[in-house]
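**Student:** Each chain, letter by letter, is given below.
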Amino acid sequence: DQQVKQNSPSLSVQEGRISILNCDYTNSMFDYFLWYKKYPAEGPTFLISISSIKDKNEDGRFTVFLNKSAKHLSLHIVPSQPGDSAVYFCAATSHGSSNTGKLIFGQGTTLQVKP
Amino acid sequence: NAGVTQTPKFRVLKTGQSMTLLCAQDMNHEYMYWYRQDPGMGLRLIHYSVGEGTTAKGEVPDGYNVSRLKKQNFLLGLESAAPSQTSVYFCASRFLAGGSGTQYFGPGTRLLVL
Numbered sequence: 004d005q006q007v008k009q010n011s012p013s014l015s016v017q018e019g020r021i022s023i024l025n026c027d028y029t030n031s032m033f034d035y036f037l038w039y040k041k042y043p044a045e046g047p048t049f050l051i052s053i054s055s056i057k058d059k060n061e062d063g064r065f066t067v068f069l070n071k072s073a074k075h076l077s078l079h080i081v082p083s084q085p086g087d088s089a090v091y092f093c094a095a096t097s098h099g100s101s102n103t104g105k106l107i108f109g110q111g112t113t114l115q116v117k118p
Numbered sequence: 011n012a013g014v015t016q017t018p019k020f021r022v023l024k025t026g027q028s029m030t031l032l033c034a035q036d037m038n039h040e041y042m043y044w045y046r047q048d049p050g051m052g053l054r055l056i057h058y059s060v061g062e063g064t065t066a067k068g069e070v071p072d073g074y075n076v077s078r079l080k081k082q083n084f085l086l087g088l089e090s091a092a093p094s095q096t097s098v099y100f101c102a103s104r105f106l107a108g109g110s111g112t113q114y115f116g117p118g119t120r121l122l123v124l
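Top to bottom, those sequences are chains G and S. Numbering-wise (our numbering), the first sequence opens with residue 4 and increments by one. Numbering-wise (our numbering), the second sequence opens with residue 11 and increments by one.
No lab work stands behind these hints: they were computed from the structure. Mixed in with the good hints there might be a few duds.
Said to hold, decoys possible - FRET-style restraints, in silico, Cβ to Cβ: (1) P82/G - T25/S: 48 to 54 Å; (2) N83/S - R64/G: 36 to 42 Å; (3) L32/S - P12/G: 30 to 36 Å; (4) E40/S - S31/G: 35 to 41 Å; (5) L106/S - Y42/G: 33 to 39 Å.
Note that the structure is predicted; figures quoted are calculated from it, not measured. From the three backbone atoms N, C-alpha and C, an ideal C-beta is built for every residue, glycine too.
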């Protein structure tokens, strides 16, 4: 059972436009969400995160929105740049009693930003 | 400061062979993780460790063993490799489980089992 889902395997946008990547989750115990970016032949790198007590977090061109009632989060990149072309993974975790820091990842969305 | 490093970068095995993947981190992190990445599956947790001398199973532990004898090293072993273990393996580490949740990843090991 996939607890974190990214239903769009790929997304193509024009340079300068907005990129919107979506992520849905099913486990209501998740209370922290992260986005990772991955270039080919490299490991994922942390991009931005959001706590469940917030509905928005912004860092430069990147903004993550969280809709807890819909169990949905999205990553907005404005403006998109060719260097943003990569695979984006959504991840979720629960800071509950287990306290292990385990992350549950979505399948990833490949973003292509065309010049 | 090298961060998280993985050895080897690429390996080809025959079915039934064994091997060990090494992960090392120089950030004094307590927590370490092993993931595998397969097309359309994202990253799935194999095993993890919350401190030196401790290990625990993740989502897909079957066919793998791990050891954390030293805080900075986390080893992933395949005792008898199978073609289903063809994948890209990533190691990650973090300082504490609370807080931001950020994990730092190594560059990956690509494994092909024939």
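**Student:** All the hints need checking, so say for each whether the structure fits it.
**Tutor:** Evaluation of the provided hints:
no.	hint	verdict
1	P82/G - T25/S: 48 to 54 Å	holds, 49 Å
2	N83/S - R64/G: 36 to 42 Å	holds, 37 Å
3	L32/S - P12/G: 30 to 36 Å	holds, 32 Å
4	E40/S - S31/G: 35 to 41 Å	violated, 28 Å
5	L106/S - Y42/G: 33 to 39 Å	violated, 27 Å
Checked against the numbered hints listed earlier, the structure breaks hints 4, 5; every other hint is satisfied.
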